[in-house]
Amino acid sequence: MKYYLVAGEASGDLHGANLMKALKALDKNTDFRFFGGDLMQAEGGTLVKHYADMAFMGFVEVIANLQTILKNLKSCKQDITAYQPDVLVLIDFPGFNLKIAEYAKTQGILVCYYISPKVWAWNQKRVLKIKRIVDHLFCILPFEVAFYKEWGMDVDYVGNPLLDAVSAFKPDVEFLQKNNLTSKSIIALLPGSRKQEISRLLPDMIRASVNFPEYQFVIAGAPAFEADYYVPYLNGAEIPIVFNATYDLLNQTHAAIVASGTATLETALFNVPQVVVYKGGKLTIAIARMLVKLNFISLVNLIMDKQVVKELIQEECTANKMAEELNLIVNNATYRQTMLDGYNELDVRMGQPGASAKTAGLIVKYTQEAKKMVTS
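Residue numbering for the sequence shown follows our numbering, beginning at 675 and increasing consecutively.
Accuracy of the hints is not assured; some may be wrong.
What follows is a set of in silico ranges between Cβ atoms, one per label pair, in the way DEER data are often shown [what the hints assert, rightly or not]: (1) D705 / P845: 32 to 42 Å; (2) T1049 / W796: 34 to 44 Å; (3) F817 / L1036: 16 to 26 Å; (4) R1010 / K748: 27 to 37 Å.
Dumping the calculated DSSO-like pairs for lysine-lysine here, alpha-carbon to alpha-carbon at most 30 Å [unchecked claim]: (5) K995 / K1039; (6) K779 / K844; (7) K1045 / K844; (8) K995 / K723; (9) K676 / K1045; (10) K751 / K799; (11) K995 / K803.
Hint data in this document are derived by calculation from the structure and do not stem from the laboratory.
For every residue, glycine included, the Cβ atom is placed at its ideal position computed from N, Cα and C.
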């Protein structure tokens, strides 16, 4: 079968790659074409556009890059039409992918959506549109099933794909040597995978690091960038940057400062105490505070529906606040253990691995059923 996948950021590339691997295990004659990244490309098929040219974060930033986004949308639609896939698999990235889903429905293409848009956070009426343009929705957060049911939509709960990625991880025993790291305890800095995140968060992370000379700080580099990209933000600090080894880094890490996003959950699954940080444009944040009705922003706290990890957002996202929280994490044994206890509860709530295989099985099943209906 012919599969067209669209992932627009680093986390989507990871989940897309694992899904492709699972699809190949079920369907020996797969043909993949996709918008994605290096991990998906490693699974085979044709990479049409890299997510590094697509990921824009925030209301204002999207408007500022609207011309590029519209060009990408047009290119994607044309490519889907030319390829004529058996099924379109959209992975998260709702601002872009819901428009692609709407177009695909007009072309009679089966639309599967992996990782539900966060419609429960704001403008919940978008569910009505999703119900109209998406044939099958696969959710990865337990509470989403009940939410969609309230809107009269049946969805498939598949579990969380990060469990697949973490359970499949095999540590590199030479990680420290390969990256010229010492035996000192590590504090990891995960400033995100987008330019806006890195520029807003990394300088304060670097300033916070000077308060902890007994630790070695290491930056998890985003695969879309080279080491030179990070240099202007280091302000002369000699902090190593590791690429394509974030799990190895987390596996060796004592604590972390992490940009809000998928990485917060990955960090928790590696049992690394963390402080979560987020900083957006002033106008973007003002709009978000009017529209978004959530008590938390990190996936860890959202899933647990309580504060397990500290979130430093906007005005509170400063080097001093980061240093204060980091000090509690590394020097206050009771505080640290409370966070680790919260992670244990999270592990129970997350369940077992298998999201990629389950989703792949459902996609193959639904696609075969759709093909039979067309031919009958």
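Hint-by-hint comparison with the structure:
no.	hint	verdict
1	D705 / P845: 32 to 42 Å	holds, 34 Å
2	T1049 / W796: 34 to 44 Å	holds, 42 Å
3	F817 / L1036: 16 to 26 Å	holds, 20 Å
4	R1010 / K748: 27 to 37 Å	violated, 50 Å
5	K995 / K1039	violated, 50 Å
6	K779 / K844	violated, 40 Å
7	K1045 / K844	violated, 39 Å
8	K995 / K723	violated, 38 Å
9	K676 / K1045	holds, 12 Å
10	K751 / K799	holds, 25 Å
11	K995 / K803	violated, 41 Å
The earlier numbered hints that this structure contradicts are 4, 5, 6, 7, 8, 11.
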